[in-house]
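*Asks:* Spelled out, the chains give:
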Amino acid sequence: MALPVELIIFAVRGAFRLGRATSLELQAHIRNSELELPKVLTTPRDPVDAVRDALDQAELSDEQTQRRDALLADWGAAEAGSATSLEIEGSIFAFAREVGLPEFADAGEEERGLVTIQQWSEKAQKEQVQPFVRIGLALVEVALDYATTNPGVFGVGSNGERFVRALASAVDEILPDSDKISAALKPEQIFGERAVAILAHNGLSALQEHISETVDEEHLRDLSVSILKPLVKNFENGEIQRKTLIEFRELALGPMAREAVSAIARHQRAFLGKRFGENEALGAVTNAILVTVATEKDASGKAIWSLESPLDREVWQKVYGSVLDVAIKRPELFGGESDAAGSAFGRDLVKTVAARLRDLKGSPFDESAAALIVADTIDVFGRNTAFLFDREKDATGKAVPWNAVAHDAVASVLGSISAGIKEGVADDGELSGKEVFKQVFSEDQAGALIRVVLDQAAKTPGMITGDAKRDEVKALVAGIARAVSDTNRNLLSSDDWLEVAAIVAEQAAQNPGRLFKIVGNDGKHVKPEEEFAVRLIGKVLGAAADDFRNRGRGSGSVLFGPTLKEVLRETIETAADNAAVVAKNEDAVIGLVNKINELQGASAQSFGHREWLRLFRGASKKVLLSDDGQAVLDGLQDLEALRTLASGEHRTGGNGE
Amino acid sequence: MMRTAIVACGAAALLSACTPLEMGTASRNLSELQKQQQSCRTSTGDFSKAYQNEEQMRECQATSLGLAKLHDDMLKLAKKPDTDARNAVYYYRIAATAAWQSFDPNVMENAREAARSGLELCEGPDRNSLQPGDCATLGIVAPLVGQDIATLRFNRLKAMAANMPAGPTNAEKLAARRKALLSAVIPDDGTAPTPGATRLGANARLLFEDGWRALAARWSLLKNDRVHPSMCKYAVDQETEIVGNLKSRFDELRDTYPVGTRPEPPADATWKTSCKVVPGTDRAPVDVSLPDDIAGEDLAGQVHRLTWCLWKTAEMTKKEKRSNAATFCSSPTGN
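If you're matching them up, the sequences are chains Z and U in order.
Going letter by letter, the first sequence gives residues 1 to 657 in the numbering used here.
Going letter by letter, the second sequence gives residues 1001 to 1335 in the numbering used here.
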C-alpha cells in the first residue's frame, strides 16, 4: 500500500484551510514526536589528581610505597606544567599501571550531546497510528512549514507539489512495511521518518532556486529512493554504527539532498523523456559515499573523514553533485547493460575518488579545492567518455565497455595531478612550495588551473589513457607548478598565469615530446625544472624581472602582466612548433628581450607596450628559428635595425622563414 | 523562523494550520539552538573555547539570546487563554528546556517558573489527556537546572582556586588550591559548616536539595506507564551524573592534600551514623548535615566529612542502585 499521496497534497495545498480534524491530527503528531534533552554538566577530575588519589589508596609493598613517595615528591617539587613535570606525570601513570591500577587515560573531553527520548511507552505505542500515517504527517508538517514562507514553490502543478508526491510515493519502497500496524515503531521507521522530513525540507529549498524549471516527478521519485534507501538499509542491517548514521542524516543528508535535487533541476532538458537511471545504481553511489565517510580509517585507526567537519561535508557534497551530473548526462554509464554493472561503476568511482582525495589533501590543495578538482575531473570524463574510451580494446581485440575502465582512468588522472603538483611546487627561499602555490592561486583558481589541463588532456587522444611511463598529465601539472614557483612569479597576475597555463597545456598537447620530454634520452625521468617549457618561462621571467628591478615603472618598464603573458605565448608557441631549433637559441631569445628592453628604456616616452610587443612578435621568430640566433641578435645595433628585423625585411639563414 | 511563523499566524486568513505550524517551528528551533549551544560549551559548561574569536563569540551569544527569546515566545503561547491544555504543556516544556539551555543564570532561573506552571496543568483536571513525556520533562527540568547552576558555580570556583597566586612548583600550586577551596567554606558566622551556611555549602545545597532530592521526588512522574522507558533511562543517567558530581567535589578537596596526609573518610557502612541524614518519603533524604560529635574537628576535617556525607547520601539512595537502569525503567513500579 502506498502513502495516501493525494491526501498529503490536499492537506498541504489547503495550507491555511486545514480541516479541524487534520489540524488536530497534525498537532498530536508534533506533540508525540520524540524530544531531545541535554545531559547535565559535569565536574571532571584532573587525571593526575585521580591517579595520585588511586596510588594513595592502593595497597602497596614497602618497596612500591617508597617508589611512589619518591615519584610524588619529585612531582611536587617540579615546576607545574614544565617538561620535567610532564615527564614525571608519565612515570606516575606508568607506575600506576605497573602496580595493577586501572589504566588512567589522558583527560579527554567528555562526550557531550543530546539524548533523544521517545514520547510514548510501548503500551501507548500500541494505540498509535500506523507508521505510514506518521511519515505522511511529518511530510505534511514540513511542506506546510515551507509553503507558509515560500508559497510559490507549492502551487498547483508546481515542482514542490511534484516533489512531495514523488517523496510520498517513494516511501513504500524506502520503508516497505510501514503500512502495517505493529506493537511499536521499528527503529528504522523512526530513523526513516526524520530522514524523509530532512529530504523534504532540503529538496523544497533546492527547488525554490529552480522555480522556472519543470522537474519531472518520476526523476524526483527515483532520486528520493536512491538517497534514502541506502541510509535506511544500513540502519536496518547494522553494518555501520547507528550513531554514525544518525550523524550522517543530521549533518550530511541535507546538503547532499540539496545538491541532488539541484542536479536534477539543472539538467531537466538532458533527460528528454529518459528515466533518471536505475535506483540501484544511484543508490550504490549514495551507499558508497556513506560507507566511505563512516568507515574509512588511516593506518593508526583514526577516521579519515569527519562528519562534524564542514570542509569534509563540502567535499562529499561536491563529489556527489558531480557524480549525479555524470549520471544524468551519461545515464548509460550508470544503467549499463545491467543494474549490477551500474552499481559497480558507481561504487568503484566513489572508492577511487576517496583514495585520490586523500592524496590531494596532502598537496597544496585544501579539502575544498581538492573536491573541486575531483568534481571537475569527473565532469571532464563525463563529457568526453566516448572520445576517451571508445578506442579501448582488450587483449583479444574486443572493445572494452568504457564504464569498465573509466574509474581506473579517473584514478590515474587524479593520481597524476596529485603527484605532479607535489613534484612541481618548489619553495622560493622564503615560502614553502605549498605557500607559494596558494599565494598565486585562490581555491577557485587552483581548480580552474587543473581544469585547463584536464580539458586539454581530455581532448587529446592518448594523453590520459596513454603510456604510464610517459605520464603527460603529471609532467604538465608539475611543469606549470614549477613555473609558477619562480621567484619572479609576481610579474604575472593569477589570471595571467591561468592563461599561460592554458597556452602551455594546449601546445604541449598538440606537440607531444617537444615542450615536455618527460623521459630523457638516457631513459631517466626529466625533472620539471629541466623541461624545455619550464626553462623558457623561467628565463623570460628572469629577463623581465631584471628590467623591472633596474628601471621599474618610473622609467617606463613595460614587461609585466598582459605584455609579459603575450611574450610567453609567442615564445611557447614558437618553441612548440620547432623545439629543436629553438632549443639552440634559448639564450638568444632572452638576449632579444633584453635588447628590446634596452632600446625601449632609451626612449620610453615614445615606446609603449604595444610597440614592444609588435617588435618582439616580429623579431622573435627570426631569432628563435634561426640557425644562429645570437648572430641575428648581434646585428641589432639600434632601434632601426630591430624595426627592420621585426617588419620582415631582414633575411636569416634559419629554417623558420 | 519562529518569528516568521508567528507573523504568518497573525494573518486573519490563517486558521487551523496556524497552531501546528507554530508547534513544529518551535520544536525545530529548540533542536537547532540546542545543537548550536552544544558546540559552544564543553561538558563542564565552559564557554571559553567558543570565545576564541569574535565571530564564534557573537554566534554563541546569539544562541543564548535565541534560547532566551524562545523561552519568552513559548511562555506567551502557553499562557494564551485559548491554547489547548495539551499544547500548553508542550509549549511549557519547550520554554523550560530553552531557558535551562541558555546558560545565562538569570534566564535559567526562569526554567523553574515555566516548569512549575506546566506541572500545575499536569496535575490538573486535564492530566489524563496530556502527553506524559512533556509532563515528565517538566518534572525533572527544575532539579536538573539546579544541578547545572551548582555545577557551573563549583567549576568556576575550581578554576579560580587553580589560578590562585602560588609558587611555581606543583606542591605550592596544590597548597594554594586547598587554601582557596577551604576559604570558600569558612562559615560566614564562624560556626560549623552546615549546608547553606557558606558559599560552598550553599552550592552543595543547591545541587543536593534542588537537584538530587527534587529529582528523587519526581520518580512517580517518570514511572508513569505511558512514559517511554527512554525518559526513565535518561533520568537515571542524569542521576548517576549528579552522584558523580558530588563525588568530584569530595575528590577535589582531597586532591589538594599531599599523598599520605589526607584525612580518611569513614567506612561506607557507617554512612548513616557518620552523617546526620533525615529520611523523607520516596527514600530521598530531606536533610543531610554533620553529627554533633564532629564539632571538635578542625575546619578542614569538617568540610571533608560534609562533602563525603553529601556524596554518600546520594549514592546510597540513588534509584539505579536498586538494579540496573534498564530493568528498573522497564518495570512498571520499580523495585
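To be clear, the hints were calculated from the coordinates, so they are not data collected in a lab.
Note that CB positions come from ideal geometry on N, CA and C, so glycine has one too.
One thing to keep in mind: the hints can contain errors.
[To be verified] Chain Z side only, calculated, beta carbon under 8 Å to chain U, not exhaustive:
(1) I30
(2) L41
(3) S432
*Asks:* Give a verdict on every hint.
*Replies:* For each hint, the structure was consulted:
The restraint placing Z:I30 at the interface with chain U holds, with a minimum CB-CB distance near 4 Å, inside the 8 Å limit. For Z:L41, the shortest C-beta to C-beta distance to chain U is roughly 4 Å, which falls under 8 Å, so the interface hint holds. Interface restraint check: Z:S432 against chain U, minimum CB-CB distance 25 Å, threshold 8 Å, status violated.
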